[in-house]
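J.: With the hints as extra help, turn the sequences into a complete structure.
Read top to bottom, the protein sequences are chains A and B.
Heads up: the first sequence begins at 1 in this note's numbering, then just goes up one per residue.
Heads up: the second sequence begins at 1 in this note's numbering, then just goes up one per residue.
I should point out that these hints are in silico values taken from the structure, not numbers from a laboratory.
Among the clues, some could well be false.
[What the hints assert, rightly or not] Below, computed lysine-lysine pairings styled on PhoX-like, alpha-carbon distance capped at 20 Å: (1) B:K12 x B:K168; (2) B:K215 x B:K189; (3) B:K12 x B:K41; (4) A:K406 x A:K377; (5) A:K51 x B:K215; (6) B:K96 x A:K51.
[What the hints assert, rightly or not] Computed from the model, here is a short list of chain B residues facing chain A with C-beta under 10 Å: (7) M59; (8) V107; (9) H129.
[Stated by the list, open to error] Where chain A lies over chain B, by a calculated footprint (3+ residues, C-beta under 8 Å): (10) 65-77; (11) 80-92; (12) 98-105; (13) 113-126.
For each residue, glycine too, the CB sits at the ideal point set by N, CA and C.
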Amino acid sequence: MVRKMLTGNAAAAWGARLAQVEYVPAFPITPQTEIIESLAGWFADGALTGKFVTMDSEHSMVTAAGAAATTGVRTFTATSSQGLIYAMEALYTVSGWRVPFVLVNVSRGLSSPITLGPDHNDVLAARDAGFIQIHVETCQEVLDSVLMAFRIAEDSRVSLPVLVNLDGFFLSFTREPVEIPNAKLVQEFLPAFRPHHPVFKGSQSVAQGVAVLDGAAYSYFRYQMHRAVENALEVHEEVAEDFYRLFGRRYGALEEYRMEDAETVLVMAGSFSTKGKAAVNRWRDQGRKVGLVRLRLIRPQPAAELARLLTGRKAVGVIDQNISPGLGGILYQEVAGALASTSDRPPVMRSFVGGLGGKDISPAEFDRVLEVLDEAKSGEGHVPCELLFTDAEYKQVRTALSVAGKPLEGRAS
Amino acid sequence: MKVKGEFFKSPKDIPQEEELSSGAPLCAGCGGLTTLRLVHKVLGEKVVIVNAAGCMTLMATYPYSPIRSSWLYTTMGSVAAGAQGIRDALDIRRAKGELQEQDDMKVLVLAGDGSTYDMGLSATSAAIHRGLDFWYLCYDNEAYGNTGFQMSSSSPFASRTTTSPIGKEEPEGTFQEKKDMFEIWRAQKPPYVATVSSHEVVDLAEKVHRSLAMKGPKLFLALAVCPTGWGFDPRLGDELAHLAVRTGIWPLKEAVGGVVRHTVIPKRFLPVEEYLRPQLRFRHLFEPKPHTEALQAIQQRVDHYWDQVRKDEGGDNQAQLKEDKH
Ligand SMILES: Cc1ncc(C[n+]2csc(CCOP(=O)(O)OP(=O)(O)O)c2C)c(N)n1
Ligand code: SF4
Chain A
1 MVRKMLTGNA
11 AAAWGARLAQ
21 VEYVPAFPIT
31 PQTEIIESLA
41 GWFADGALTG
51 KFVTMDSEHS
61 MVTAAGAAAT
71 TGVRTFTATS
81 SQGLIYAMEA
91 LYTVSGWRVP
101 FVLVNVSRGL
111 SSPITLGPDH
121 NDVLAARDAG
131 FIQIHVETCQ
141 EVLDSVLMAF
151 RIAEDSRVSL
161 PVLVNLDGFF
171 LSFTREPVEI
181 PNAKLVQEFL
191 PAFRPHHPVF
201 KGSQSVAQGV
211 AVLDGAAYSY
221 FRYQMHRAVE
231 NALEVHEEVA
241 EDFYRLFGRR
251 YGALEEYRME
261 DAETVLVMAG
271 SFSTKGKAAV
281 NRWRDQGRKV
291 GLVRLRLIRP
301 QPAAELARLL
311 TGRKAVGVID
321 QNISPGLGGI
331 LYQEVAGALA
341 STSDRPPVMR
351 SFVGGLGGKD
361 ISPAEFDRVL
371 EVLDEAKSGE
381 GHVPCELLFT
391 DAEYKQVRTA
401 LSVAGKPLEG
411 RAS
Chain B
1 MKVKGEFFKS
11 PKDIPQEEEL
21 SSGAPLCAGC
31 GGLTTLRLVH
41 KVLGEKVVIV
51 NAAGCMTLMA
61 TYPYSPIRSS
71 WLYTTMGSVA
81 AGAQGIRDAL
91 DIRRAKGELQ
101 EQDDMKVLVL
111 AGDGSTYDMG
121 LSATSAAIHR
131 GLDFWYLCYD
141 NEAYGNTGFQ
151 MSSSSPFASR
161 TTTSPIGKEE
171 PEGTFQEKKD
181 MFEIWRAQKP
191 PYVATVSSHE
201 VVDLAEKVHR
211 SLAMKGPKLF
221 LALAVCPTGW
231 GFDPRLGDEL
241 AHLAVRTGIW
251 PLKEAVGGVV
261 RHTVIPKRFL
271 PVEEYLRPQL
281 RFRHLFEPKP
291 HTEALQAIQQ
301 RVDHYWDQVR
311 KDEGGDNQAQ
321 LKEDKH
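T.: Laid out in structure tokens, this is it:
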């Protein structure tokens, strides 16, 4: 075991290296590129054996990744933002082949307008593609999750691609101390890939991705995929236990933070959860009973666990780092759905949208969230999501607009 | 004139074994299917077919598949990338000793012209650039067949498709020229590029056989007669394939290491009308009154093409071509 200062991107590359990946089809995009550059270097100097290939697009890259996994080699790839949505058709296509590989997505807001800062609209657009989704908070968790992802993907109960999501800039380019696990221990945790599915070889005839034109058989295969994603919940638990035993770090499908007696709960995902935890600590110091739940497994959704954690609380605020125009925060809907049929639902549930395009969520904005949750009443009916935005940011945008010669649109407050 | 076969002298020399069984749910008389059947016979059984969305996708419909080899359906735009993933993975497994030589496979892309000329061209160009060792069979029915015959960039000038219909403003239907895929491939210097016809079976088999020993990207561009889209009686399929060659509209040629030679040159070139007239998609060139201008343009383009061939190829072909000029 070695301790090093690593960026999230370097941690992702180290995860792939320790997993002894054999095939990496790649395509550059900020803020992910450092991952594939590191891997290219390791294939070039022999630290990794197999093949690194620069593809012509992410659509091609994901197709090649799926095809190689189908043929029985351990495959890794990475992308971000425009790349992930450019690959969208291929994501759905390869998950249907029911073969394992790992894709790291480095979250970045989507165009238009084009931007570089992170939010989760890219990764959540791929939410229904049949990939398992793990959203991480720290650079250590990036590395650990890549290793866990291979175990989950390759488990015969799952046999699907796994996407590990980390936030651009805040993790991708931020150095944190990371323990690089011992390679021998990793081999014990993650033995060489033994495909459970029939692979292409001369002596057997395999038909993959065949057309299924009758609705009944199509429904069967789609539902089977749903069940396989659900199975990942149980598999994740087993894998997390093994991981803890060997490496001493424990990961749940959800992370509970100071939840013991919490009356008010923030729900968040990704690296901004660290900011949420800081706010919780501050409030705790002021004697407030506040906790935080971090959504780590987005697919499968750990619905029962989520319901268990949130029922009986007084107020829940979901902070979404994404926006579904015309709906609001995506994860709010998911959390509300998980609670829909519980008897002891929190009487107050509110949706906040913050941190779009990498915009900070400041302590003042967290205080605003708490204030809203404190003042909200039970039975208010539908309340639209609230955008987290400071006065200073408002002024900044107003200045930019006036430079561009445009009037300010919408509510001014 | 036909280039003398080194491996195949007559159709009887073509392997008897069938790699495709009967019962594929495609149209009767589908030239694409006939071409695949012939190509596959020569490639042998150890093939993985990587398919792009198109008519052939319906060949394997769960739970049936007429293919004795293996099959992977990908997408319309990334079929060559699918081939890349499989080839690379086979190589990796070979190098690790996980896959014995006898279990290795040939990777064959099977794609229509819509995928080949349009959506999949970028992925294919990249695969050629990477020197991918694969065979590419484009069954060129000159439109998006599976979706009901819409114009692709392979649709020939003055052909009617459902998205280039005939109207007062557009009396030709398709006013664009067909892309030259043979030359687009050749520009990237792959080891082998060939056009083939389901009628000239010996020429086809010979070309596939010649490519067997070559490493790298290998294109087989087949004019695929399509009774449904072109509008003709399926019984005429082989004859139309023959007419395409005899009128000079579909030149049979190959480029080995970039050097082009024509492999079948008609003794006497028939006028292009002979090929066009039986097809509904060209009916507007003859009825209600002849569209002389368009017909002449097509004939001139064909004549010009062969004039150029005479200039470029010289030697034996030259003498033959002079003599054959109609
Ligand atoms: C991304 C995408 N767009 C559109 C389609 C619809 N589609 C399916 S087959 C096809 C036609 C393909 O034409 P071609 O490659 O010429 O093959 P053919 O149908 O003639 O066999 C189209 C447009 C698709 N499958 N995927
Ligand atoms: S439409 Fe044409 S290419 Fe497609 S299956 Fe029918 S005959 Fe073959």
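J.: All hints, please: hold or fail.
T.: Status of each hint after checking the structure:
1. B:K12 x B:K168: Roughly 51 Å between the alpha carbons, so the hint for K12 (chain B) and K168 (chain B) is violated.
2. B:K215 x B:K189: holds, 13 Å
3. B:K12 x B:K41: Within the cut-off at roughly 13 Å; holds.
4. A:K406 x A:K377: The hint is violated at about 38 Å.
5. A:K51 x B:K215: holds, 18 Å
6. B:K96 x A:K51: Judged against 20 Å, a Cα distance of about 12 Å means the pair holds.
7. M59: holds, 9 Å
8. V107: holds, 9 Å
9. H129: Holds, about 8 Å.
10. 65-77: Three-residue rule met by the segment 65-77 of chain B, so holds; n is 11.
11. 80-92: holds (count 12)
12. 98-105: holds (count 6)
13. 113-126: holds (count 4)
The structure does not agree with the numbered hints 1 and 4 stated previously, though it agrees with the rest.
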